[in-house]
Amino acid sequence: MTQSTVAFHRRVTDALADHQLRVALDRTTNRFASSRLEGLASLPNVEHVRDQARAIRMRTLENLDKQLEQFEEAVGAAGGHVHWAKNATEASRIVLDLAKSRKVQRVVKSKSMISEEIELNKALIDAGLNVIESDLGEYIIQLANEMPSHIIAPAVHKTKEEVGRLFAAKLGVPLTHDPEQMAKIARERLRNVFLRADLGISGVNFGVAETGTIAIVTNEGNASLTVSAPRIHVAMMGIERLVPTLDDLTVMLELLARSATGQKLTVYTDLLTGPRHDEQDGPEELHVVLLDNGRSGLLGTSMAEVLACIRCGACLNVCPVYREIGGHAYGSVYPGPIGAVLTPAIGGLERWEALPMASSLCGACRDACPVRIDLPRMLLELRAKRANANRLPLWLKFGLKLYAATATRPQLFRAMVSVSRWVLGKFSAGGWLRWLPSPLSGWTSSRDFPVFADQSFSEQWQSRRTH
Amino acid sequence: MSLDSRAAILSQIRQSQTRLEEPVRNKVEVEPIGDTRGDSENLVERFSREAEVAGAQQHRVLGQEDAVEVVHQILCDNDASDILAWNSTDLLMGELNKTLIRRGYRLLDAVLPKSADERKVKLGQLAQAQVGVTGALAGIAATGTVVLASGPDRARLAWLLPPVHVVLLSSHSIYPTLSSFFSEREDCVRRSSHVAFVTGPSRTADIEQTLTRGVHGPTNVHIVLVD
Amino acid sequence: MSESSGLRTVQLFATCLVETIRPAVGMAVARVLEQLGVAVQVSNQQTCCGQPAFNAGAWDEARAMARHTLDTLEQSEASIVVPSGSCTDMILHRYGELLQDDAVYAAKAVRVAARTQEFSQFVVEKLKAPALGRCVDRTLVYHPSCHLSRGLGIREAPQQLLNGIEGAQCVPLDGADECCGFGGLFSVEMSDISSAMLNRKLDSIVESGADTVVACDAGCLLQIESGLHRRGARVSVCHLAEILAEQV
Numbered sequence: 000m001t002q003s004t005v006a007f008h009r010r011v012t013d014a015l016a017d018h019q020l021r022v023a024l025d026r027t028t029n030r031f032a033s034s035r036l037e038g039l040a041s042l043p044n045v046e047h048v049r050d051q052a053r054a055i056r057m058r059t060l061e062n063l064d065k066q067l068e069q070f071e072e073a074v075g076a077a078g079g080h081v082h083w084a085k086n087a088t089e090a091s092r093i094v095l096d097l098a099k100s101r102k103v104q105r106v107v108k109s110k111s112m113i114s115e116e117i118e119l120n121k122a123l124i125d126a127g128l129n130v131i132e133s134d135l136g137e138y139i140i141q142l143a144n145e146m147p148s149h150i151i152a153p154a155v156h157k158t159k160e161e162v163g164r165l166f167a168a169k170l171g172v173p174l175t176h177d178p179e180q181m182a183k184i185a186r187e188r189l190r191n192v193f194l195r196a197d198l199g200i201s202g203v204n205f206g207v208a209e210t211g212t213i214a215i216v217t218n219e220g221n222a223s224l225t226v227s228a229p230r231i232h233v234a235m236m237g238i239e240r241l242v243p244t245l246d247d248l249t250v251m252l253e254l255l256a257r258s259a260t261g262q263k264l265t266v267y268t269d270l271l272t273g274p275r276h277d278e279q280d281g282p283e284e285l286h287v288v289l290l291d292n293g294r295s296g297l298l299g300t301s302m303a304e305v306l307a308c309i310r311c312g313a314c315l316n317v318c319p320v321y322r323e324i325g326g327h328a329y330g331s332v333y334p335g336p337i338g339a340v341l342t343p344a345i346g347g348l349e350r351w352e353a354l355p356m357a358s359s360l361c362g363a364c365r366d367a368c369p370v371r372i373d374l375p376r377m378l379l380e381l382r383a384k385r386a387n388a389n390r391l392p393l394w395l396k397f398g399l400k401l402y403a404a405t406a407t408r409p410q411l412f413r414a415m416v417s418v419s420r421w422v423l424g425k426f427s428a429g430g431w432l433r434w435l436p437s438p439l440s441g442w443t444s445s446r447d448f449p450v451f452a453d454q455s456f457s458e459q460w461q462s463r464r465t466h
Numbered sequence: 000m001s002l003d004s005r006a007a008i009l010s011q012i013r014q015s016q017t018r019l020e021e022p023v024r025n026k027v028e029v030e031p032i033g034d035t036r037g038d039s040e041n042l043v044e045r046f047s048r049e050a051e052v053a054g055a056q057q058h059r060v061l062g063q064e065d066a067v068e069v070v071h072q073i074l075c076d077n078d079a080s081d082i083l084a085w086n087s088t089d090l091l092m093g094e095l096n097k098t099l100i101r102r103g104y105r106l107l108d109a110v111l112p113k114s115a116d117e118r119k120v121k122l123g124q125l126a127q128a129q130v131g132v133t134g135a136l137a138g139i140a141a142t143g144t145v146v147l148a149s150g151p152d153r154a155r156l157a158w159l160l161p162p163v164h165v166v167l168l169s170s171h172s173i174y175p176t177l178s179s180f181f182s183e184r185e186d187c188v189r190r191s192s193h194v195a196f197v198t199g200p201s202r203t204a205d206i207e208q209t210l211t212r213g214v215h216g217p218t219n220v221h222i223v224l225v226d
Numbered sequence: 000m001s002e003s004s005g006l007r008t009v010q011l012f013a014t015c016l017v018e019t020i021r022p023a024v025g026m027a028v029a030r031v032l033e034q035l036g037v038a039v040q041v042s043n044q045q046t047c048c049g050q051p052a053f054n055a056g057a058w059d060e061a062r063a064m065a066r067h068t069l070d071t072l073e074q075s076e077a078s079i080v081v082p083s084g085s086c087t088d089m090i091l092h093r094y095g096e097l098l099q100d101d102a103v104y105a106a107k108a109v110r111v112a113a114r115t116q117e118f119s120q121f122v123v124e125k126l127k128a129p130a131l132g133r134c135v136d137r138t139l140v141y142h143p144s145c146h147l148s149r150g151l152g153i154r155e156a157p158q159q160l161l162n163g164i165e166g167a168q169c170v171p172l173d174g175a176d177e178c179c180g181f182g183g184l185f186s187v188e189m190s191d192i193s194s195a196m197l198n199r200k201l202d203s204i205v206e207s208g209a210d211t212v213v214a215c216d217a218g219c220l221l222q223i224e225s226g227l228h229r230r231g232a233r234v235s236v237c238h239l240a241e242i243l244a245e246q247v
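Protein chains in written order, with numbering that gives the first Met the number 0: chain Y, 0 to 466; chain S, 0 to 226; chain L, 0 to 247.
It is worth saying that the hints were derived from the structure and are not from the lab.
All residues carry an ideal CB built from backbone N, CA and C; glycine is no exception.
Fair warning: there could be bad hints in the mix.
Claimed, not checked - Quick list of in silico lysine-lysine cross-link-like pairs, DSS-like style, CA-CA up to 27 Å:
(1) Lys102/Y / Lys119/S
(2) Lys65/Y / Lys99/Y
(3) Lys97/S / Lys99/Y
(4) Lys183/Y / Lys169/Y
(5) Lys97/S / Lys102/Y
What the hints assert, rightly or not - Going by beta-carbon spacing under 10 Å, a handful of chain Y positions derived as facing chain L:
(6) Pro173
(7) Thr175
(8) Ile324
(9) His327
(10) Ala357
Work out the full structure, taking the sequences as your base and the hints as a guide.
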């Protein structure tokens with residue numbers, strides 16, 4: 000087992016032992032999953048809309064070069080600037096250089112998974128900048144120095160008592176367990192942060208190629224403030240997060256909130272086109288940082304459709320594995336079914352080979368995905384990649400070779416079945432085994448194992464026929 | 000450096016296209032989404048229902064003068080003295096500002112200076128406003144959303160900063176759905192650097208899934224629907 | 000194969016789990032089909048559809064087993080009935096892509112898939128869902144396996160057949176759609192996650208108050224029965240075919 004796989008198993012063990020986490024996960028995933036169903040029910044022709052959404056995303060990916068060029072031109076025409084970053088290092092450097100040249104000291108951020116993917120905050124803080132997250136969930140995990148555990152609700156793993164204690168310790172406020180009180184504290188604190196920030200960094204839910212518009216959705220309004228109060232706005236965007244036109248954007252917007260939280264629309268949907276025009280307020284400068292970081296390499300491959308993801312989190316909420324282990328166990332910024340594919344796809348199987356294995360391939364994610372991404376298919380492909388790279392555990396590799404060799408030779412197969420039956424019988428009591436040796440011992444840690452039947456099916460069938 | 004990366008990324012993308020098996024699809028014909036039926040009365044009803052679900056407070060008035068009175072009442076209820084208001088002649092804001100000044104309210108000017116330090120000072124001042132009063136470009140009936148488009152006399156911060164937002168919406172400007180809005184008003188993103196679709200007051204459920212209002216955006220949203 | 004004569008012939012593809020651990024399922028399928036006027040053939044060449052290797056990523060091994068299975072099933076022209084959602088899904092939906100670079104076997108896969116059906120769907124669609132089975136006062140709860148419901152879209156047929164059993168009532172299962180945690184080798188490679196998922200399923204089963212849990216996949220049955228046995232719970236576990244074949 001590789002080191003990263005060992006680490007994964009350790010995180011899983013910790014997660015499964017964390018009772019509070021399990022309670023929180025149940026509550027969150029149940030709520031989101033049932034809300035999603037209600038939300039979709041309010042959309043006429045929802046299956047057709049999903050088909051359209053998928054077509055829009057896939058077409059964009061196929062034409063991504065032209066779309067990006069069109070987007071860049073349109074952003075420029077509106078007075079903004081587009082920067083291109085091949086990888087995490089470049090992206091951080093672009094933001095840092097910009098911050099330095101504009102004498103930025105204080106940064107306020109709204110939710111950006113890209114920025115977490117590239118560890119932007121760390122780079123900025125190491126360079127001496129003050130960086131504060133404004134989304135309440137992100138604010139909480141920033142104070143706790145943790146990674147997000149859910150794409151939509153980053154702090155799901157925390158109880159209100161834990162948040163209360165965190166606020167008291169880090170903010171010096173009186174201890175409270177009342178979520179409303181805590182939200183009020185956050186509002187007051189962050190109000191100052193917005194007003195004093197030199198730079199606002201946001202994510203991008205969708206870019207519109209035709210108009211150079213970036214669309215950002217929130218319920219809190221923190222993104223609206225992040226992009227409006229500070230003098231400079233930097234928007235971090237994955238190269239794949241484009242749609243061609245405003246009409247296409249409408250399709251995505253109708254599905255995004257419904258799939259994520261069941262709302263028809265989030266409270267705030269901000270469409271930003273360039274910096275301040277001849278307007279009273281708004282930022283003086285708008286910079287869009289386009290990040291590749293392994294995405295372009297997936298285009299034109301069987302993994303391309305993972306880039307169609309709109310980051311709604313629906314797959315997490317229906318995943319029976321995510322529900323047991325939560326987001327942190329995955330060890331990646333992107334958890335759940337989408338993370339199990341995206342993370343090894345852009346980060347490499349060497350580091351992330353456990354993730355595609357952590358699935359029973361039940362298919363609930365594929366059913367829930369608004370753009371119908373076939374995640375189980377890609378999980379299987381990643382597993383095949385692992386096997387082809389000769390990274391299967393030895394027992395599995397040889398076990399399967401042996402199994403295939405016998406399964407293609409029926410007489411040998413029957414003989415092996417008899418032998419196995421005899422062996423299992425020797426160690427059983429009352430038809431069951433309470434213990435199997437490694438590497439199968441995982442089964443018997445929580446289950447018994449039955450002996451093989453006295454007569455196999457083909458033996459029974461044979462004797463039936465001769466009577 | 001960014002230019003090199005640009006070339007490298009585009010080149011990688013173009014290379015990937017040679018691997019595509021099927022020809023590149025035609026433009027996706029997007030059909031309008033949602034229920035676009037309804038006469039204007041239906042639209043207002045639907046809008047009201049959805050806006051209520053979203054947590055906005057609503058006041059329906061007949062004509063400009065009544066609108067002014069309702070706004071005045073909301074200001075009183077909130078003990079407001081300092082206000083951020085849009086100053087446009089369209090969107091029903093016409094006489095409103097003059098009236099408010101006459102009645103003793105202080106209308107803060109929301110123009111942000113270009114220099115960094117002066118901007119922050121001004122922001123601090125603007126943050127004192129208790130209420131923001133704006134118009135709306137349109138309403139969306141399917142979701143109870145108001146569309147707020149920035150402009151020369153229409154500051155974003157007017158509705159974002161204060162804890163109370165009063166928005167005047169003509170009942171004739173309500174579109175059935177998001178797609179019906181865009182099919183007519185696509186150009187809004189060309190005119191405004193910020194077009195916001197706002198559905199009710201600010202909210203979060205980030206702490207134990209408990210719904211809380213007024214986290215960063217306004218805590219109270221009053222929609223004044225003017226016939 | 001003439002329907003008007005009332006007799007048709009099908010091949011039964013038993014599956015490896017039925018072969019080794021639950022042969023009663025195979026015998027029950029045969030009994031049910033024969034009761035309905037269908038003759039049953041079983042090839043002595045059949046072994047395993049290859050899914051365990053496929054799911055583990057060992058696609059060369061999976062291909063070898065797929066080719067063998069296709070050859071076996073092509074020995075007869077009769078329709079094929081499979082008492083397993085996951086094996087049926089493998090044959091219908093996975094063989095094609097697995098063998099896409101092998102023109103001969105890709106064509107075989109298409110031909111075989113065209114006449115392969117999962118057991119409950121076969122009974123309901125081809126044999127028009129007669130009421131089958133009699134018990135004495137049983138309370139049944141049904142666990143829909145993932146490949147059956149999501150992979151094959153088979154949701155109504157098993158329920159319909161269960162409702163037709165005389166002397167048995169069906170109770171709902173909380174979280175029915177949730178995976179039992181088997182997932183083949185997942186149950187061993189990620190055994191702690193698999194166990195956590197199983198626990199949830201077992202809790203629902205016990206809470207339902209049923210005395211018997213029914214499913215259409217031997218993999219789910221293995222997972223559930225092994226867990227119930229460890230718990231010492233008094234709930235019987237059986238395949239849909241077994242309970243349909245039961246006559247009092």
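Against the earlier hints, flag every one the structure doesn't satisfy and list their numbers going up.
-> 2, 3, 5, 6, 7 and 9
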